[in-house]
Amino acid sequence: MGVGGLFGALWQVELVRMVVLAAVVFTFLAVGGPLFLVLAERKISAWIQARVGPKHVGPHGLLQTVADTLKLLYKENIAPYRADVVLFSVAPILVAVAALLDWVVIPFAPGWVVRDLNVGVVYFAAVSSLTVIGILAGGWASNNKYSLLGGLRSAAQMVSYELPLGFSLILVATITGSLSTVRIVEAQPYPAYLYPSVVVAAVVFLVAATAEANRIPFDLPEAEAELVAGYFSEYTPMRFALFQLGEYGSLLASSALFTTLFLGGWKGPFQLPGAGPVVNGLVWFVLKTYAVVFFLMWVRWTYPRFRIDQLLGLSWKVLLPVSMVNLLVAGLLMVVVR
Amino acid sequence: MNAEALAFYTLAAMVLAGGGLVVLSRNLVHAAVSLVPTLLGVAGLYVLLHAEFVTAIQILIYVGAITVLILFVILLTEGATGLRVRQRNEQVPLAFVVCGALVLLLWGVLLRVPWGPPAGPMPAYNPGAVGRSFLLPYVLAFEVISLVILASLVGAIVIARREE
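For the record, the sequence lines run as chains A and B.
Residue numbers for the first sequence follow numbering that gives the first Met the number 0, so the first one is 0 and each next one is one higher.
Residue numbers for the second sequence follow numbering that gives the first Met the number 0, so the first one is 0 and each next one is one higher.
Hint data in this document are derived by calculation from the structure and do not stem from the laboratory.
Every residue gets a Cβ at the ideal spot worked out from N, C-alpha and C, and that includes glycine.
Hints are not guaranteed to be accurate.
[Claimed, not checked] Computed beta-carbon distance windows for the label pairs: (1) A:76 - B:92: 39 to 49 Å; (2) A:182 - B:131: 15 to 25 Å; (3) B:131 - A:285: 37 to 47 Å.
[Unchecked claim] Beyond 12 Å from chain B on every Cβ pair, some chain A residues (computed): (4) 119; (5) 151; (6) 286; (7) 295; (8) 300.
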């Protein structure tokens, strides 16, 4: 744990180091998140629906999102009539920062983690739950009934899906005996007799993470047919882009955490020829994370949207009991085998 | 001033400013949102005390769940969110008297407690210790609290389903 070292030698150096790391992670998030993922999403959706997708800006449309971002930067920020301007401006920043904070505990390669907290997994769950406040505040401050409904739906959804997500985390913590993401990666592969439980936990985690990221089939907070665009209906360019940054940032972070917990993190099936441990780890980690992202996009463009009662029912009546029983079974097996 | 003191005073200022906003805001939603910096500041104070597990749980439960629940209830209540709804009544002086009495009481307690040095080093990893103390020495209190929560859940359902 690094907090002890926080005030160890020279705290000014530590402070500078943290600021630099924050800038690096934020850049990675901004480039790897919206800039790349929006393009990937458009290309993958086009491929699934037998279309071409963005084609004209840059080779094969590679610069499309760069052009879009520049356009967003040019435009004026507008607050709607009688909106609560302070909350309206703070909300998107809160969402983006919460997505950024997720990355503190993600191990990219051996030794490559911003801070290996000894409660890393709980920290991840805690920080990702901050997003809801931004979404609720933004929805209310817009002074628009559709925004408010979108915000309320999002809150109901995220609070419900935090529980099954938490149970998946508890299962992994029980098996590895640690909450630190680095130790969890080091403890993998898990014992073979626990595979069924781990697979159930992984599926529950993936469903809950999709719901937490507000993506189809769980994107009710922004259901276009009913709510215009949900909580960000009233937002103009850069603030809207910050919401998108938060959304894609937490999508990427959830995929990275899934890789860390269930796919062995930086460990690959074989050592890359001629690569050091860091390069080898980075390559495998990024490959796995983007494979999970691709899977989530594939799901998005394959399934229709749920209804709100189906969505909440799935969490409380299916996922939660399943994960409780799963945890019980895994615990019993571990006691019996030991 | 060393780094720890600097961090402490920054966090304390954050907690106090947030708490002041919670009490003084003229709008209920602003008051609820102001709980966020207050509770995050308290979480930061836990970090300074090397209680990382409590910090994470503080953010998860208080910021991520309880504040969201409060906001949710306020936003669902008609009339509570309008800017023109009065948030204060004529009992402000009385409230000041009560708060002053509480401060005096706490001050008295603080002065009487012998603040010795901490007993031994902190355990390196505390979630396990927290779990063991819930299930061994404090199991009765733990179970009583779960019963209270269960009772309030059942009560909420009874109130919500009154029409049947």
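Next item on the list: Please name the hints from earlier in the document that this structure breaks, with their numbers sorted from lowest to highest.
Entry: Hints 4 and 5 are the ones this structure does not satisfy, whereas the remaining hints hold.
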